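**Student:** The chain contents come next:
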Amino acid sequence: MHHALHIKNGIVIDPKNGVKAEKMDIFVKDGKIVEESEVKGEDVKVIDASNKLVVAGGVDMHAHIAGSKINTGRTMRPEEMRVVRNIANKFRAAVGRVLLTSPAIGYEYAKMGYTSSFEAAQPPIGAMHSHEELDAIPMIDKAALPVFGNWHFVFKYVEAKDIEKLKTFIAWALERTKGFGVKVVNPGGVEAWMYGGNVTSLDDQVPGFNVTPREIITSLIKAVEELKLNHSVHIHCNRLGVPGNYETTIETIKLAGGFSNDARQVLHVTHVQFNAYAGDSWRTVSSGAEEIAKTVNSMDNVTIDMGQPIFGHATAMTGDAPFQFTLHKLTGARWSNKDSEVEGGAGIVPLVYLPKNPVHALQWAIGLELGLLIDSDKVVLTTDYPNGGPFTEYPYVMAMLMSKKMREGELEKVSPFVQKATNLPAIDTEKTLEEIIHMTRSLPARILGLPQKGHLGVGADADIAIYDLNPLEIDTSNDFEKVYKTFKTAEYTIKSGRILAKNGELVDEYWGKTYWVDATGRVDMEAIKPDIEDYFKYYSVELQNYGVEEGWLKKPERIVI
Amino acid sequence: MIIIKPKTEFVVTVEAELTPDLAEKDVEEIKKFKVYYGKDVVELEELFEVTKEGDDKKLVLDGDFSRVKWIGCRMSDGEIVVKGNVGANCGAYMAGGKIVIEGDADDWLGAEMKDGEIVVKGNAANLVGCAYYGEATGMSGGKITIEGNAGNYIGEKMAGGEIEIKGNAGDFIGTEMKGGAITIHGNCGFVGGDMKAGEIKIGGDFELVPTFVKQEDAWVGDVNVKGEGVVRRL
Ligand SMILES: [Zn+2]
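Quick mapping for you: the protein sequence lines, in order, are chains A and B. Read in order, the letters of the first sequence are residues 1 to 561 in the numbering used here. Read in order, the letters of the second sequence are residues 1001 to 1234 in the numbering used here.
If we strip away everything but chain B, and leave its shape as in the complex, we get (with noise of 0.2 Å):
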């Protein structure tokens, strides 16, 4: 296990692609490991402490990350667990392993995501799950829970694997979805736009596009786009 705190208060970004991976070096090599501050590239012990303990992959990030984009990145296994806040695209094209934030989490959690889990027990804010923009598919597998609120955009270009969201969020929920789940236990705005596939269950209220055709027990559409994706009350 490796854990890793800030040194300072960042005065700009951090971009750090952080796996567990780093976890099976050896400590010396780990604090050599390559991160942008800004732009200037540095080595990580310039901006954080770098301790090990024993030998599980597993990396405990202490301390707030909020301005560290790029945590789990493309990860394939092991753990991360982040006891603060983590900035932008955390997890994005996350393959496998797990990931657990006892804050927030920042915009792009979870993009083009493959496998894998993560948790969020705070906030996650926009753009959950989705397709970095031109592409064609946002997350295709895994499960993202959030147990509080969430921004706009969750799940835009979904193509597979689980969101959940225990609080509310915001507008533009399963845009161009192809497939998969996205629950969300609270309000939300607009549902639904340019539906193609998969499943999206609203326990709150909520806003549907005007072009899903109401079934028995679910909205199906969006007709616009021949979509036969399913919207339903939780």
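So that you can see chain A by itself, here it is in the shape it has in the complex (with noise of 0.2 Å):
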């Protein structure tokens, strides 16, 4: 095998790196991006990438590829599991429609140009199970954001205002999941669920807890700030999939207005789409989403991603519990509930997106015109995979940003409610392919804190994609039927150095890292080790059976803080 590679003329766009569509040469060594004098005398392979674009493999953000709840969802739809996407061979067997196995999650990301992804809502208790799924994942690096917006520990300490046992909890809890970072979903909502309620405003109090949604956000902001954790919060807001909920996201956005970060933003606010509804009923529905791009753009220290609804089969799956009961009873579709004691909970619920249902199309259109509305450098592509539909879809969402013509196409197939009860049709803007890249690869690094990924830097892993289009002559305006077919099939996947995929063909198989955080050392463990036993007293295992140890894991990377 190489250990080096010369991509050779290849048009790169690196906007991490300020490369512009420019020709140039691209040299990997052991793994890394590396100058050309360190590859002299190795066994070079070269790659002849004239005329293509070469970009830093894709990083998806947010997505739901390993734990129970994808488990149940693959459990309670079989009929999911009658596409045959590859037959074991030299390769594993690998199934799913929409909702794929292990493996072929890893292999349909690695054929399309994507590298890295992470699973954006682990519940703690689970954290097993969620690393043996992640485990079982091929092709791609990866890492885990375990729930904290409905912990009772996290409660009792922003109920006491303890912010400094608040940071050692974190550091506990994400020392003992392996996890990246810190996902709070409906923060409060789930623990009303367990009553059979939810929140309905950053001001309810919690059920048995003297705390607000409001203070749980702010709170673990803080601690996580103070951390200095290499992702900010990560948060699905309250009140998701309820017209008239905007405001409820506008007010979740602006409480990251007292924070600061020089590296990123303060707070991520996750498929936005479905938190961005005007209107007090699904009868009186409308897009919310001029008024939230707004005040995203205003601040500098809040990113978004889309949640972008893919028409077609998808699968609801959230640890927004209460929400999917709600889906459930809306649509009468199969529904599936999780618990995890004191942690929080979640639920399954099919669904399929029709473009002539009203409400869908509404969500389609208000998923676009939040990627179009909001900077490029603030908003990142995503479906919430698979809530909105299939990562494998990215491309359409990819080509509907970059060309109004694909839209007014599009926009003649859905249902004409989104002509009034959207923006959609006279928004102009046409992101550029920069743009979109920057959206699929620099800006989740970015916003995720992982120097290494997104980019083609020297030091950068060499993780690559290299696709059959020049950016120096395509139309991304009117070749939008290009646009979508090339980037569904990259003709080149390079991870870590080594070739993964070529034109759509698996050609090796490689188990990626899985990173977690480790900022034990900036705490002290001792001060919440009374409380910790004290509420192990709430679980169903002992405290020295909870959690994962690090050589449990196959191939564990960790950052320490």
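Since the hints were made in silico from the structure, they are not lab data. These numbers were taken from a predicted model, which means no experiment stands behind them. Just to be clear, a hint being listed does not mean it is correct.
Unchecked claim - Below, computed lysine-lysine pairings styled on PhoX-like, alpha-carbon distance capped at 20 Å: (1) A:502 <-> A:485; (2) B:1039 <-> A:329; (3) A:90 <-> B:1039; (4) A:329 <-> B:1196.
Need the complex rebuilt from these two chains, each delivered in its own frame; the hints are there to steer you.
**Tutor:** Printed below as a string of structure tokens:
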């Protein structure tokens, strides 16, 4: 095998390093991007990338790829498991329509030129399961974000206004779950669900605790910023999927106001499409995207991702258990509820997005509005897989954001409701190819706090995608079909310097790293020991049996803070 | 016409999506048709004798096919005659043409079938004309006739077409049915659970779920799902 690669004559777009469609060569050695001089005398494999686009591998910062939710989804949806993607041969058997098996997830990302993906809602008590599944996903680097927003420990320290102990607890929890960062799902709302309810504003009191969603969010931001974790608080807002929720989303975004960080945002608001509805019922519902975009654009410490719905099959699976029940009641589809003891819960409901359904068309339009109206330096392209649909349709979203003409064609196929309920038809913005590359590579890497990802500068991980598209010649406004088709299948996907896929064919199997963040050195773990021992009276497992040891992971990558 | 005869008794099941389209191919090509024998992919001639007589679009399956699954799957025209018993999933997703089974049929006969005709001279097992697990719609067109008896789950989530059973049937007839017609000449067990639409006619004894409303000459339900399905005596 070659240790070194020379990617020759490619047209490179590398937003982080200010490279805008320039013809240049990229050199790779031992899984990293290096200077030309470093590969002298090496056995170098040369890849001719003449007139082809060379970019960093895609980074999916928010998808549901491992853990009990997705596995329950697979169990309750046998009909999703009838599409055979690969018969066991040199590679693993891989099946799935939109809900994919673990190997299929890795393979499909690799075919598309994506090389990292982050599981965005990890129930802490299910950490072992999540890591077993992450370890079954080949090809990509990965990590998991444990959920903190309904954990009784968090309520306790927020109630006591004890930020030091909250920080210590976060460090303890990340170490025990081998987690990467702090995810918050409907803070307080899932605890209310334990009594059959939900919260309806940032200032509702959480049942049984003297805390509000507002206090939970601000305390967690403060703790994460003081700990200086790689990634900021990553929030799924309250009131998801409810008409009128855009106001709550804006209020939540503004909670970031008092904080700052030189390297990144202090709050990432996820799948905002599901939290961007104006109106007060499904009859009067309309888009709240413009107001949200104004708020995000006016702040320099908040980022979002789209949560773009894709027409066709999807499976709603979130840690927002009360929302999942509402959705089940709304559609009549199958429903499964998950309980993670004193940590929160989750739910799963199958879904189909239909273009002629006014609400679905509205959701589709709102996702695009957010992608178009928000600065390209603050919005990441996601479908909240599999909630909005398959990640394999990212190229559709990329092409749509770059072409008004494509959007006009698509608008003709959807419910006319979007014409009055959104401003999408009037938006002329067409993102540039460079902006799209940023929104799918360098921006998510920056948001996650991973300096070695999402770019092609010397020292970066050699995660590279080559597409058969000449950025100097392509007319992204008019050639949207070519753009879509090209980004579906990379000509080469290179992960840590190894060629994994070529023109949609898998050529090599690779097991990526699992990142986790160790902040235990910044806190006094003894300080919370009695509390933890006390609270484990309420768990179904003993404290000594809780958590995941590093040695159990296939390829752990500890990031010490 | 193609005549296919098993060469041996099969130790594990065979999965062979044999359709009348095969009859249009050259016999050497047919012999190379890929089928699964357990987990192994093999050529048709490894397991079966294949002969060709004339050009009509017809398959004659001569012998015991009770361990051969997926016969006639997705076929759209032509004819298949099975001289003996047939394995599971026969006529699944079928869109046209005709299958005649002279012996018995196993589970999932005509599952999710859209059109065409299936006649079973013997008995059929469970899940006739049903939806595969997780799917919303079972049989949506065509006709299945069973001269003998049938097992449990008949026409689950059926949306169109017709199932006729000349003998008796088991439990769960027309569960979640939303269209089409089921006729059972003999006796059967529970009928109509969560039925939304369509018609079930029964000649013998049966048990109706209690959520049907008696009308002059029929029962209408299932009221649990605001259904307007009709169950009546033949
Ligand atoms: Zn999500």
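**Student:** Confirm or reject each hint.
**Tutor:** Comparing the hints with the structure gives:
1. A:502 <-> A:485: 15 Å, holds
2. B:1039 <-> A:329: 42 Å, violated
3. A:90 <-> B:1039: OK: residue 90 of chain A and residue 1039 of chain B at ~16 Å, within 20 Å.
4. A:329 <-> B:1196: It holds: about 18 Å lies between the C-alpha atoms, which stays within 20 Å.
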